[in-house]
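Colleague: Those protein sequences? They're chains A and B, same order as listed.
Residue numbering for the first sequence follows the numbering used here, beginning at 15 and increasing consecutively.
Residue numbering for the second sequence follows the numbering used here, beginning at 15 and increasing consecutively.
In short, the hints are calculated from the structure, not lab data.
One or more of the hints may lead you astray.
Which copy? The list can't say, so a pair holds if one copy fits it or any two copies do.
Straight-line Cα separation of at most 27 angstroms, DSS-like style, residue types lysine-lysine; simulated pairs [to be verified]:
(1) Lys128 x Lys191
(2) Lys267 x Lys149
(3) Lys342 x Lys264
(4) Lys191 x Lys71
(5) Lys137 x Lys44
Protein chains: 2
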Amino acid sequence: MTGILSPLGKFTMSFIDPLLQNDTFLRALKRRRTEHTPVWLMRQAGRYLPEYRAVRKKAGSFMALAKNPDLATEVTMQPLDRYDLDAAILFSDILTVPDAMGLGLYFEEGEGPKFERPLDNEKDILELQVPDMNKLHYVFDAVTQIRKTLNGRVPLIGFSGSPWTLACYMVKGASSKDYRTIKSMLYHRPDLMNHILRINTVAVAAYLNAQIDAGAQAVMLFDSWGGVLADGAYQSFSLDYMREVLRLVKTEKNGIQIPSIVFTKGGGIWIDEIADIGADAIGLDWTVNLGRARAQIGHKVALQGNLDPMALFGSPEQIRHQVQLSIKSFGQRAEGYGHIFNLGHGISQFTDPESVSVLVDAVHEFSRLTPG
Amino acid sequence: MTGILSPLGKFTMSFIDPLLQNDTFLRALKRRRTEHTPVWLMRQAGRYLPEYRAVRKKAGSFMALAKNPDLATEVTMQPLDRYDLDAAILFSDILTVPDAMGLGLYFEEGEGPKFERPLDNEKDILELQVPDMNKLHYVFDAVTQIRKTLNGRVPLIGFSGSPWTLACYMVKGASSKDYRTIKSMLYHRPDLMNHILRINTVAVAAYLNAQIDAGAQAVMLFDSWGGVLADGAYQSFSLDYMREVLRLVKTEKNGIQIPSIVFTKGGGIWIDEIADIGADAIGLDWTVNLGRARAQIGHKVALQGNLDPMALFGSPEQIRHQVQLSIKSFGQRAEGYGHIFNLGHGISQFTDPESVSVLVDAVHEFSRLTPG
């Protein structure tokens with residue numbers, strides 16, 4: 015429990031949910047001492063699990079699965095039934111918001127997400143609107159149902175793509191190899207670029223707040239493509255808008271804290287600045303040295319990451335060794351520091367499910383040996 | 015002219031080539047004062063130039079062009095005839111060395127380079143040999159011919175892919191999106207990975223030395239894929255081998271200095287360590303803040319970079335503004351610091367050749383206004 019003196023001088027209390035059976039993840043996000051390092055994996059409910067593939071096949075398409083709260087709940091729970099994970103994450107896609115804006119999200123087999131009606135002219139861009147959140151009720155229904163099914167086992171993470179990352183997909187559909195379309199707009203028509211980003215910012219904040227209302231206990235912004243931006247452009251076109259999203263998103267609900275995580279893939283060079291935008295934790299990819307990042311900014315925010323998903327293709331001994339290096343690199347789980355173990359990117363669909371068992375158990379085993 | 019007291023106590027002199035009409039690039043590499051900031055562009059002889067496309071068509075294929083010293087000389091000279099560039103770079107490919115090892119380099123239209131006989135089994139890996147440099151005589155012939163044609167106008171840069179980057183292509187041919195094949199080997203069979211890298215290291219050093227013998231006046235290592243490695247793995251599997259290459263490569267020829275540049279794309283987070291491996295300059299991609307990089311390591315090595323190639327899709331005024339920001343960010347060209355203006359990656363084939371004129375002239379104009 016953390017005491018906060020509000021600006022009005024009124025002493026308010028905000029809590030980590032006392033009804034949770036395992037609050038390790040939320041405690042680590044708030045940089046409080048934990049018995050072990052909590053662990054969850056990006057895309058933990060995914061194609062590497064045969065039971066996921068079975069449900070996905072039954073649903074017919076990725077979006078049919080994501081839009082069916084029963085099935086979304088079922089696949090969200092699958093990795094928790096197999097592994098001793100410390101958090102659940104809503105099964106959904108980062109691009110639901112532009113889909114609700116009317117752009118028509120779809121997936122082609124073996125390719126990334128695309129839009130049927132990408133933004134390819136000035137008129138469409140200027141007419142873009144924050145979508146009615148009712149169009150996303152399937153997401154909020156799933157959140158509520160997952161919370162009910164979890165029944166306090168571990169906390170549930172809600173999420174969205176960052177304003178910039180959504181824009182990468184919205185402009186001319188699937189992003190090109192060199193981001194030529196969107197970067198041409200950024201350098202040549204920054205006014206149009208900023209217009210899209212302002213709409214996205216309001217939409218993403220409303221979307222995360224609705225997930226929190228529905229039961230999400232922490233929220234994460236996936237800035238998957240922030241790392242393709244130049245220094246300077248990153249700050250103006252991605253970071254500043256994420257700061258604004260965080261300003262608009264609730265940090266507590268009924269006196270219970272709702273921590274936030276921001277993850278810019280490829281953003282290791284900017285962690286000093288990312289640590290200042292108001293998130294409780296920042297996600298790190300595998301290029302970042304965990305010990306150095308902790309020394310640099312570990313007292314300001316918690317750190318989440320950052321094993322290379324490809325390390326899961328090693329032998330069990332090799333996986334355990336990599337986990338040990340990572341836990342050692344972060345160091346003691348002292349008060350004022352927080353580490354949430356994760357991969358540096360989503361788990362590969364080709365991962366052996368057994369390797370995930372080895373990983374999760376090794377995180378718990380080695381971190382218990384490193385006194386908090 | 016720089017005086018060096020050799021370990022034997024003998025006072026030796028090493029020079030920047032006194033016969034060069036424009037030695038700005040070499041002086042900046044050696045962190046000496048220059049009248050203006052020198053500029054060249056990665057892939058400056060390339061598809062964005064109509065005169066290049068004409069020669070490429072005549073040659074029939076990329077490799078036919080690269081293997082013909084007359085044509086390679088012709089396209090190397092093309093951008094120098096159009097723009098006021100301060101250096102020429104050999105027209106070739108980063109993968110000529112594994113091609114000479116017998117792997118069969120080829121290019122498919124619209125795709126990256128591939129090998130006909132990639133390394134996909136242990137036997138082939140263990141039988142890998144440093145190639146006979148005679149198989150690469152077409153490269154050295156081109157170097158000699160380009161030097162002759164340049165006739166002292168500007169210096170000529172030789173280059174190679176880094177040991178790790180070559181390996182990325184050699185193992186199972188074209189690299190997969192998530193580098194699964196090569197990273198699986200790295201995590202699961204580091205012995206095989208290191209075997210390939212040791213061979214590549216010796217081969218790359220011999221290759222660069224032969225380019226120097228043929229007339230290259232500076233050399234550059236392109237570590238295009240170092241940035242996909244995890245912290246720790248980068249140091250062991252890319253950086254350490256580049257350090258060894260640099261140890262084996264000549265730093266002068268007939269008393270004339272041969273400076274070296276190392277460029278790890280996506281390596282901005284590791285510039286402290288890259289600055290320590292013995293190169294004269296490090297290449298930076300656009301994610302790096304030039305001013306901060308200079309403050310961090312600018313007294314140890316020169317810096318080369320780092321405009322986003324996509325900035326060339328802005329208007330002339332916007333391009334000039336980006337150049338100005340960059341020149342200002344680096345600051346004064348004081349003794350002990352060196353900046354070579356470049357892009358943060360190869361120029362896009364869709365660039366308007368006029369935009370390159372604007373860029374090159376703006377670099378010279380603005381840097382002359384910033385006293386050295």
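Colleague: Each of the hints needs a verdict: does it hold here or not?
Modeller: Hint-by-hint comparison with the structure:
| no. | hint | verdict |
| --- | --- | --- |
| 1 | Lys128 x Lys191 | both (14 angstroms within a copy, 18 angstroms between copies) |
| 2 | Lys267 x Lys149 | within (23 angstroms within a copy, 70 angstroms between copies) |
| 3 | Lys342 x Lys264 | neither (34 angstroms within a copy, 40 angstroms between copies) |
| 4 | Lys191 x Lys71 | between (30 angstroms within a copy, 24 angstroms between copies) |
| 5 | Lys137 x Lys44 | neither (44 angstroms within a copy, 52 angstroms between copies) |
Hints 3 and 5 from the list above are not met by this structure, while the remaining hints are.
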